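**Student:** This is what each chain is made of:
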Amino acid sequence: MLKRLLLASLLALAGSACTDQRSHTQAVYMLVDTSGTYAQEVGKAQVIINYLLGTLQPGDSLAVARVKSRSFSEKDIIAKVTFDNRPSQANAQKRAFKDKIDAFVKTAGGSAYTDITGGLIQGGMFLNETGAGTRTILIFSDMQEELDKATIRDIPIDLKNIRVVALNVVKLKTDNVDPRRYTGRLEAWQKRVEGAGASEWRVINDIERLDSMLGRG
Amino acid sequence: MTSNQFWMIWPDNPMASALILFAIAMPFLYAARKLVHELFRSIGQAIGGPMRLGARWLFAAARDMKERNKAVLLAHGREEVGQEIEREFERVGALVTRDLEGYPALQRKLLDEITRVEEDYKKCGEVPPPPPDWVEAVTAISKVKSDTNEMVQRILEEIKRSVHSIHDKALSEYRRAYDSRHKILNGFMPFWRSLDKTLGQVDKKLTGLQDTSGKIDALMDKYEQINKKTDKAEHALAVSAATQFAVSALVLLIAAGGALINFKLIALPMSEMVGAGDYLAGSLRTSEVAALVIIFVEATMGLFLMEALRITHLFPRIANLNEQMRRRVLWIALTLLVTLAGIEAALALMRDMLIADKQALLQSLASAQQAVPADPLLARIPTAGQMLLGFILPFALAFVAVPLESFVYSARTVGGATLVMLVRVTGFVLRVLGNLVRSLCKVLTTLYDVLIVLPLLAERLVLAARSDEGARESRPMKKAA
Numbered sequence: 001m002l003k004r005l006l007l008a009s010l011l012a013l014a015g016s017a018c019t020d021q022r023s024h025t026q027a028v029y030m031l032v033d034t035s036g037t038y039a040q041e042v043g044k045a046q047v048i049i050n051y052l053l054g055t056l057q058p059g060d061s062l063a064v065a066r067v068k069s070r071s072f073s074e075k076d077i078i079a080k081v082t083f084d085n086r087p088s089q090a091n092a093q094k095r096a097f098k099d100k101i102d103a104f105v106k107t108a109g110g111s112a113y114t115d116i117t118g119g120l121i122q123g124g125m126f127l128n129e130t131g132a133g134t135r136t137i138l139i140f141s142d143m144q145e146e147l148d149k150a151t152i153r154d155i156p157i158d159l160k161n162i163r164v165v166a167l168n169v170v171k172l173k174t175d176n177v178d179p180r181r182y183t184g185r186l187e188a189w190q191k192r193v194e195g196a197g198a199s200e201w202r203v204i205n206d207i208e209r210l211d212s213m214l215g216r217g
Numbered sequence: 001m002t003s004n005q006f007w008m009i010w011p012d013n014p015m016a017s018a019l020i021l022f023a024i025a026m027p028f029l030y031a032a033r034k035l036v037h038e039l040f041r042s043i044g045q046a047i048g049g050p051m052r053l054g055a056r057w058l059f060a061a062a063r064d065m066k067e068r069n070k071a072v073l074l075a076h077g078r079e080e081v082g083q084e085i086e087r088e089f090e091r092v093g094a095l096v097t098r099d100l101e102g103y104p105a106l107q108r109k110l111l112d113e114i115t116r117v118e119e120d121y122k123k124c125g126e127v128p129p130p131p132p133d134w135v136e137a138v139t140a141i142s143k144v145k146s147d148t149n150e151m152v153q154r155i156l157e158e159i160k161r162s163v164h165s166i167h168d169k170a171l172s173e174y175r176r177a178y179d180s181r182h183k184i185l186n187g188f189m190p191f192w193r194s195l196d197k198t199l200g201q202v203d204k205k206l207t208g209l210q211d212t213s214g215k216i217d218a219l220m221d222k223y224e225q226i227n228k229k230t231d232k233a234e235h236a237l238a239v240s241a242a243t244q245f246a247v248s249a250l251v252l253l254i255a256a257g258g259a260l261i262n263f264k265l266i267a268l269p270m271s272e273m274v275g276a277g278d279y280l281a282g283s284l285r286t287s288e289v290a291a292l293v294i295i296f297v298e299a300t301m302g303l304f305l306m307e308a309l310r311i312t313h314l315f316p317r318i319a320n321l322n323e324q325m326r327r328r329v330l331w332i333a334l335t336l337l338v339t340l341a342g343i344e345a346a347l348a349l350m351r352d353m354l355i356a357d358k359q360a361l362l363q364s365l366a367s368a369q370q371a372v373p374a375d376p377l378l379a380r381i382p383t384a385g386q387m388l389l390g391f392i393l394p395f396a397l398a399f400v401a402v403p404l405e406s407f408v409y410s411a412r413t414v415g416g417a418t419l420v421m422l423v424r425v426t427g428f429v430l431r432v433l434g435n436l437v438r439s440l441c442k443v444l445t446t447l448y449d450v451l452i453v454l455p456l457l458a459e460r461l462v463l464a465a466r467s468d469e470g471a472r473e474s475r476p477m478k479k480a481a
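Residue numbers (this note's numbering), protein chains in the order written: chain S, 1 to 217; chain Y, 1 to 481.
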């Protein structure tokens, strides 16, 4: 009897050792545009970040980076974290993350140019490092890229298995004159992102729709 | 001509073409008649035969299974009734030990009381001594004539006075004696009552014993019926098993509800212990599996506890352990169960803390005005309730062993009966299909003959003509003879 029990326990242990190799974690990289007049929208970005902090689970990763004249740099990452597997520790990390974001919002200033591509490359690299099962780049911007002459960004980028979501894409004055500029800009980005291997391209202007998108499959 | 019109002898007239083709094919069909008949018969036998054979085999298997089910059911019933009889005898033993153990004292008391009552009765029967003999002398004197003699009158006067005084004395003595007898009779009452009470007790105990022996008689009858393997006993046991199956299934469902609540209580805090981000398979979190394992271990410990207490008999090995070892198993199972219950209570507390922490975080993220903290006493009530629930549920789960045992044993009977029914239905369907196939082949044979009816008619005519010729030839031969 004891031998049988021992055997059953060993089998159960062996079964538990065969863990699911697929990663169920999520990694989110959020780019916040701080260039020009869009810097005023940073308060909305804070709301989205808070929403993400409330939604993401232990084991998930989150990074927030700013988009400025040249964004392909680790220095532009305002805060990044991979939440601990223990819920209590994860909550503490979220509080610390929130404090960093609050501090950033208070000091956020505008920049002359907008390097979205640099931020995308940086975000792609960060997400690939996390090894998360679901990888998302959120771009909180008007999607109007403006580069100085020295900055080279017309290069192929790698966004394989990453979904890219443009958030709060406000219309510019010129878009109001000719709406085709707005749709053309978004189509150009879609083409570029999908060309880079992204699994999905979406534009979300209503934060509540993020809920269905970030829900676990 | 299209590809599907190649067979048409008469282009664009399929009916005529078909008729011509049929007319051409008819001699061949007639020639192949025997072969085709044989073919149909063979097909019928090839398909219908195995089906009928299968049906027969299934019916035989169903019979065997029914016999086996009956044997198992009766064996189980015999065991159960045997245990019941054993228990009733134990009860009788306990009753005899408890009640009739004091019977000698009771009897002694009864005899004492009866002796005392008898003595008192005898005392009541004692009468005062009869009047002395001189009464007769007085009677004789009273007959003496005293009308004339003064002397005699005086003597008689004296005697009268003496008699009066003696009469008064005797009367008072009688009264005193009756008074004392009345007192004795009054003193009877408590003894009578005590006697009545004692006899009532004896009667009650003997009635209880009689009831129990009546139960034993009924059980013995049942046992005999089972031993005789009567259909009545089988039917009664099968009905009892079906009822047990339904009741135990219902109780197990309720227990499953309890286990679900238990799971909800400990799944979240388990993620604090084993991590929330690990998955075993698909969307199955390791923490959830760990919580389930804890619940199953609790149920298992409960099962062992019930086995060690000899309430259930799922594991004969535990039931057959010697007393010392059985007690050890009992204490080990109980200790583990208490430990697990303690862990659950702690996990329930942790769950409450985690939820409160998460709620506080969400409030701070929503940057809404902080809610006014609730009364600490009110906040503690759900926490205490959860902890209590976490502690009690493992013990409640332990009792699942009892309905589980009933479920397992009755499932054998109910499952067996269902299987027999399924096998019988399958056998019946196979038999019907087999017969259908054979009948269909016969119908096809007849249909084939209907198709070649013209050659068959010709054959009949030819045969008739031949037989006529044969008859004509045989008649002249007979005449010649």
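Don't read these hints as lab results, they were simulated from the structure. Computed from a predicted structure; not experimentally measured. Where is the CB? At the ideal position from N, CA and C, for every residue including glycine. Keep in mind that a hint or two might mislead.
In silico contact screen, one side only, chain S against chain Y (beta carbon under 8 Å); selected entries [stated by the list, open to error]: (1) 57; (2) 88; (3) 188; (4) 190.
**Student:** Should the hint that residue 190 (chain S) touches chain Y count as held when the rule is a Cβ pair under 8 Å?
**Tutor:** This interface hint is violated because 31 Å lies over the 8 Å limit.
**Student:** Per the CB criterion, is residue 88 (chain S) less than 8 Å away from chain Y?
**Tutor:** 6 Å, holds
**Student:** Going by Cβ atoms only, is residue 57 (chain S) closer than 8 Å to chain Y?
**Tutor:** This interface hint holds because 6 Å falls under the 8 Å limit.
**Student:** Less than 8 Å between beta-carbons is the criterion; does residue 188 (chain S) satisfy it with respect to chain Y?
**Tutor:** 35 Å, violated
Hints 3 and 4 from the earlier list are contradicted by this structure; the remaining hints agree with it.
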